[in-house]
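Protein sequence lines, in the order shown, are assigned to chains A and B. Using full-length UniProt numbering, the letters of the first sequence map in sequence onto residues 1 to 71. Using full-length UniProt numbering, the letters of the second sequence map in sequence onto residues 1 to 71.
What the hints contain is simulated information worked out from the structure, not anything from laboratory work. A few of these clues could be false.
If several chains are the same, the list does not tell them apart, and a pair holds so long as it fits within one copy or across any two.
[As the list claims (entries may be wrong)] Below, in silico cross-link-like pairs of lysine-lysine (DSS-like), each with a Cα-Cα straight-line distance of 30 Å or less:
id, residue 1, residue 2
1, Lys33, Lys3
2, Lys65, Lys3
3, Lys17, Lys65
4, Lys52, Lys65
5, Lys37, Lys17
Protein chains: 2
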Amino acid sequence: MAKIEFEIMEHIGILSKNEAGWQKELNLVSWNKRQPKFDLRDWSEDHTKMGKGVTLTNEELAQLKDILANM
Amino acid sequence: MAKIEFEIMEHIGILSKNEAGWQKELNLVSWNKRQPKFDLRDWSEDHTKMGKGVTLTNEELAQLKDILANM
């Protein structure tokens, strides 16, 4: 697999933490030096390993906020 | 890859739609006949193909709602 460069620009919030120390987090992440996007993903405690996740644009995050607020 | 069985129990909301018709959706999905979990993921228009995504427990979704409400 090609090396993916990333930089966590902002830690926004933690959704959960499991027994192994991995956390599901909402962050602002820049992938391959591109403009940062919101990112919902599992991370190891030291943020060197990541699980699968989704990236979200500003618009998608705003939409998600509306959906959750109306549930 | 092992076949994954899934059933979309409830379509909760659509975050975005791209030009190819794929939608980023929040759904309640049962994987391999297990108890349904919240699921944030890209889907093809007819829901036969899926992209990577994250599943969320009730507690994680509630936490996410709080985080977004306070942003």
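Homo-oligomer pair classification [Lys65, Lys52; C-alpha up to 30 Å]: both (21 Å within a copy, 20 Å between copies)
Are the CA atoms of Lys65 and Lys3 at most 30 Å apart within a copy, between copies, both, or neither? neither (32 Å within a copy, 33 Å between copies)
At most 30 Å between CA atoms: does that hold for Lys17 and Lys65 within a copy, between copies, both, or neither? Both ways: Lys17 and Lys65 sit 22 Å apart in one copy and 17 Å across, limit 30 Å.
How would you classify Lys33 and Lys3 at a CA-CA limit of 30 Å: within, between, both, or neither? within (13 Å within a copy, 35 Å between copies)
Could you place Lys37 and Lys17 in one of the four classes (within, between, both, neither) given a Cα distance threshold of 30 Å? both (22 Å within a copy, 17 Å between copies)
Violated hints amount to a single one, hint 2; each of the other numbered hints is respected by the structure.
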